[in-house]
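Model the full structure from these sequences, guided by the hints.
Chains as they are written, first to last, in this note's numbering: chain A, 1 to 619; chain B, 620 to 809.
These are computed hints drawn from the structure, not numbers from a lab.
Keep in mind that a hint or two might mislead.
[Stated by the list, open to error] Some, not all, of what chain A presents toward chain B, calculated at C-beta under 7 Å:
{"no.": "1", "residue": "Leu218"}
{"no.": "2", "residue": "Thr226"}
{"no.": "3", "residue": "Pro260"}
Values in this document were obtained by computation on a predicted structure and should not be read as measured data.
The beta carbon of each residue, even a glycine, is placed where N, CA and C say it ideally should be.
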Amino acid sequence: MAQTQVAVKDATDQLIEKYGFDDHFHDHHDGDKYQTNFITHYIFSMDHKMIAKQFLTTGIFWAIIGGLLSLIFRLQLGFPEENMAWLKPFLGKWVVLNDAGIGSISPEFYYAMVTMHGTILVFFVLTAGLSGTFANLLIPLQIGARDMASPFLNMLSYWFFFLAGLVLFFSLFLSTGAFSGGWVAYPPLSALPQASSGSGAGMTMWLLSLTLFVVSVLLGGINYVTTILNLRTRGLSMWRLPLTIWALLVTAILGLLSFPVLVSGFLLLFFDRSVGTSFYLSEIFIGGQALDHVGGSPILYQHLFWFLGHPEVYIIILPAMGIVSEVLAIHSRKPIFGYKAMVFSILAIGFLSFLVWAHHMFVSGINPYMAMIFVLFTLIIAVPSAVKVFNWLATLYGGSIRFNSANLYAIGFVSMFISGGLTGIFLGNSAIDIQLHDTYFVVAHFHIVMGVAAFFGMFAGVYHWYPKMYGRFMNEFLGKIHFWVTLVGAYLIFWPMHYLGIAGVPRRYYSFDSFETFSHFSGMNQFITVSAILVFVAQLVFVINFFYSIWYGKKMKVKNPYGATSLEWTTPIKTGHGNWPGKIPTVHRWAYDYSKGDRDFIPQIEPLSEEEKENMASH
Amino acid sequence: MENTENRSYDRGLEPAVFGLWLGIGSIAMMFAAFTSAYIVRQGQGNWLEFRLPEWFFISTLIILLSSLTIHLSYKHFLNGNTRQYKQLYLITFILGLGFVVTQYLGWTAMHQGGVELTGNPSGSFVYVISGVHALHVLGGLAALAVGVLQLFVLPHVVSRKRKTRFKMMVQYWHFVDILWIYLVLFFMFQ
Numbered sequence: 001m002a003q004t005q006v007a008v009k010d011a012t013d014q015l016i017e018k019y020g021f022d023d024h025f026h027d028h029h030d031g032d033k034y035q036t037n038f039i040t041h042y043i044f045s046m047d048h049k050m051i052a053k054q055f056l057t058t059g060i061f062w063a064i065i066g067g068l069l070s071l072i073f074r075l076q077l078g079f080p081e082e083n084m085a086w087l088k089p090f091l092g093k094w095v096v097l098n099d100a101g102i103g104s105i106s107p108e109f110y111y112a113m114v115t116m117h118g119t120i121l122v123f124f125v126l127t128a129g130l131s132g133t134f135a136n137l138l139i140p141l142q143i144g145a146r147d148m149a150s151p152f153l154n155m156l157s158y159w160f161f162f163l164a165g166l167v168l169f170f171s172l173f174l175s176t177g178a179f180s181g182g183w184v185a186y187p188p189l190s191a192l193p194q195a196s197s198g199s200g201a202g203m204t205m206w207l208l209s210l211t212l213f214v215v216s217v218l219l220g221g222i223n224y225v226t227t228i229l230n231l232r233t234r235g236l237s238m239w240r241l242p243l244t245i246w247a248l249l250v251t252a253i254l255g256l257l258s259f260p261v262l263v264s265g266f267l268l269l270f271f272d273r274s275v276g277t278s279f280y281l282s283e284i285f286i287g288g289q290a291l292d293h294v295g296g297s298p299i300l301y302q303h304l305f306w307f308l309g310h311p312e313v314y315i316i317i318l319p320a321m322g323i324v325s326e327v328l329a330i331h332s333r334k335p336i337f338g339y340k341a342m343v344f345s346i347l348a349i350g351f352l353s354f355l356v357w358a359h360h361m362f363v364s365g366i367n368p369y370m371a372m373i374f375v376l377f378t379l380i381i382a383v384p385s386a387v388k389v390f391n392w393l394a395t396l397y398g399g400s401i402r403f404n405s406a407n408l409y410a411i412g413f414v415s416m417f418i419s420g421g422l423t424g425i426f427l428g429n430s431a432i433d434i435q436l437h438d439t440y441f442v443v444a445h446f447h448i449v450m451g452v453a454a455f456f457g458m459f460a461g462v463y464h465w466y467p468k469m470y471g472r473f474m475n476e477f478l479g480k481i482h483f484w485v486t487l488v489g490a491y492l493i494f495w496p497m498h499y500l501g502i503a504g505v506p507r508r509y510y511s512f513d514s515f516e517t518f519s520h521f522s523g524m525n526q527f528i529t530v531s532a533i534l535v536f537v538a539q540l541v542f543v544i545n546f547f548y549s550i551w552y553g554k555k556m557k558v559k560n561p562y563g564a565t566s567l568e569w570t571t572p573i574k575t576g577h578g579n580w581p582g583k584i585p586t587v588h589r590w591a592y593d594y595s596k597g598d599r600d601f602i603p604q605i606e607p608l609s610e611e612e613k614e615n616m617a618s619h
Numbered sequence: 620m621e622n623t624e625n626r627s628y629d630r631g632l633e634p635a636v637f638g639l640w641l642g643i644g645s646i647a648m649m650f651a652a653f654t655s656a657y658i659v660r661q662g663q664g665n666w667l668e669f670r671l672p673e674w675f676f677i678s679t680l681i682i683l684l685s686s687l688t689i690h691l692s693y694k695h696f697l698n699g700n701t702r703q704y705k706q707l708y709l710i711t712f713i714l715g716l717g718f719v720v721t722q723y724l725g726w727t728a729m730h731q732g733g734v735e736l737t738g739n740p741s742g743s744f745v746y747v748i749s750g751v752h753a754l755h756v757l758g759g760l761a762a763l764a765v766g767v768l769q770l771f772v773l774p775h776v777v778s779r780k781r782k783t784r785f786k787m788m789v790q791y792w793h794f795v796d797i798l799w800i801y802l803v804l805f806f807m808f809q
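Next up, the structure:
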């Protein structure tokens, strides 16, 4: 196989042939063992590239579901008086008809939709869909490894994710409804089956699904960290890694340290629900009856949840930051500005993310002096974040920028990250948080800074590495339509929400009928809903483009279409198992030698020239 | 982590061993969360004080001893002393079972002493935390059981693969041992 594929040797092949490292992978009796038939190739695949595609397509599926759910509750918020009877064929008993035949969405269903939208987007799309996809695709390819340290655990990681999704999907169709107590699942709503109709079977399945999900994250994370630290090719020191790999490394470490804490919290919750312990439940009366639970602390759950919950937002955003750094540098034809500062800011964000969890609990009754400490650490996070933003802008400055879909999304990411990051400074202050807590200001903040921004990073990555995944390009025209509608639309959705929030409109409410003070916002809510529908339709353009291009996209004719330096573009166009048909390339320089001297770019596999060696020596 | 021979560059550490350490780090975080939750809840008052059952101290001795025996078994395995290696390995397995049994007796003693799983959270915490630890010991015992099987079936060959596996087994076993000592000291003095 190796001989037929590299019949014509280009300069890249010659470099690998000359300086590469022969690990006898293809001579080895089990080197190619993983892909033999349809099932082991497409379904129970142990090849990291196929697993990446599985994560991505599953993530797209969940993004569509999660987006649709948000449209349903946006319809309720924008048009609470309208007749929703036309939704009855889809939603059945969750659309309630009154005597006049006017249908409205039932409050239980509305709360379940809000909860499921949060759970699906945070965990299934922006954790598994984002870092699952790009960690699997990029880690072995960019570090010069044949595959992950354990392809088997890698496969299990996907299938646990799949199983978690199956359970959650099924819970949407329960006759009692999906869990409806918010994606954070605070007790007592989550701990007492009698609290609401979704707190029974819906919550049990939510808990099971999320536990399976954590198993997936841990199996994946162990694999990613082990692979990055142990399987790098010769010459690829940590300071020569592309920033994508640094970001994915810190992401995986955050996951390994924080998700087990969530499991602890869930286990105690399980005991409260099913065994009758009182970890979180204190004296509660339901229907005039006192429950047996005595002496529990619901705040305890909040501590455990947010000890995961806050690192989780960096688990979501760091891979996007890594992708954006890489895409911006390649498409500006400039070395990334401040490489080491970028690495240190990733590490600083990762470290600080463990010291700020209580800023989600400022109004839960924590000691104001304790809150001060958390305010301090929260605001310090602005420093590494600002370093990153400055470096991205400085990378763009004076570059020969290509305005393709991938780079537009990377630039859009920077815009979103600035807009959303600034409101974080408001919310991080415990005094201002008293007014803004649990209002639409919070909704606007986190949707822009980690929802839309992370999506932008993901889109940048998908458009950029699509040829590496499928050997074809996505359509640029459709990509640009997708970008501009999404960019403008996302601001149209979330910008007005800041005003709602400053006025004190609380999030998660089913309707504001009985609040005279919020009545003049109904026009704004309609506007937001219409914008949301528009943005959702634009995402369908992406989905169509994605699947159309798999079969009919423009073919990738050269190995390295963007003129990129990193190792993934030295593999054959149709990358087989083991990634390189012959030797493994070795690395001689960092990943960002763009516009160096009279060269447009110098790949990492090219040894230093005599001139470069002299320059190094003289420094 | 079977793909160890695929790496191009030897960094002196088996990826599988490194992966185990990451797993151990995750498990440690889980227990850090449990014990932090314990401290937070204890600080809020309404906390039942009770003495740990004596069985827990016996189980501590047992698991300490088993750490010693598995360590010696590994040494004899490397030096080719087949008889000692097998004996000590079997003793480790039996001691591991003994640990789980004494934990169970400890829970029974707590129950008889009036400390219920569904009672005051101070008791619930001890049940749940020691229970989750016992599950991790059972996981180790399952791996040890595979080792026991191999000990009867496979010839005593010190191959790289078996050495790595044995080393990982020893490291994991020491970990659950140290974890339990931490937990007992935590329950006693916190």
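A quick look at each hint next to the structure:
Proximity of A/Leu218 to chain B holds as hinted, the smallest CB-CB distance being about 6 Å (cut-off 7 Å). Restraint check, A/Thr226 versus chain B: the minimum CB separation of about 4 Å is within 7 Å; hint holds. Because the smallest distance between the Cβ of A/Pro260 and any Cβ of chain B comes to about 4 Å, under 7 Å, the interface hint for this residue holds.
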